[in-house]
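K.L.:
Sequence:
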Amino acid sequence: MFMSKLKEALICLKAGRVTAAFPLGPEPHPPGDWYRGKIAVDVEKCIGCGGCANVCPARLIEITDDGPQRIIEYFLKRCTYCGRCAEVCPEDAIAMTREYQLATNLNDDLYIRTELYMGPCGRCGRCFKPASPLDKMMVTGFRNQSEGK
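Counting in the numbering used here, the sequence shown runs from 1 upward without gaps.
Hints are computed from structural coordinates only; laboratory data are not their basis.
It is possible that some hints are incorrect.
Said to hold, decoys possible - Estimated spans, in silico, between C-beta atoms of each pair:
id, residue 1, residue 2, range
1, GLU8, GLU115, 51 to 61 angstroms
2, HIS29, GLY119, 46 to 56 angstroms
3, PRO26, VAL88, 16 to 26 angstroms
Note that beta-carbon positions come from the ideal geometry of N, C-alpha and C, so glycine has one too.
Required output: the full structure, derived from the provided sequences and hints.
P.N.:
Structure below.
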């Protein structure tokens, strides 16, 4: 029994290193364009439609409305990197990056919070994102008033 284990150890030592020495060794090979890593959210493009939250199988995207404010929170520690949120976004506000080194001890590193001002419709009461520059100036004024500036 001892001889068989010794023989097996010699065979393994003879084969040499079969894995990369990363992170101590050379730079890692960058992933291809097909790779789906951490999501990136462009707040300026987001219209707050909530399509991303509806299709997310991991339910990591939560949407809450606080008056005219729509708060979208992304809890990336639950993300399975399926890419459905990026596929369904009509404004391409969500993109899959090639970032794969996501190990962290801080939950804030895997958390994205976006706040959108949603103007209510005078007819039906549903909210929509303002589109005109004047509306964007009103958003800035609304944020400054709410922060006490």
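K.L.:
Would you list, in rising numerical order, the hints stated earlier that this structure does not obey?
P.N.:
Failing hint: just 3.
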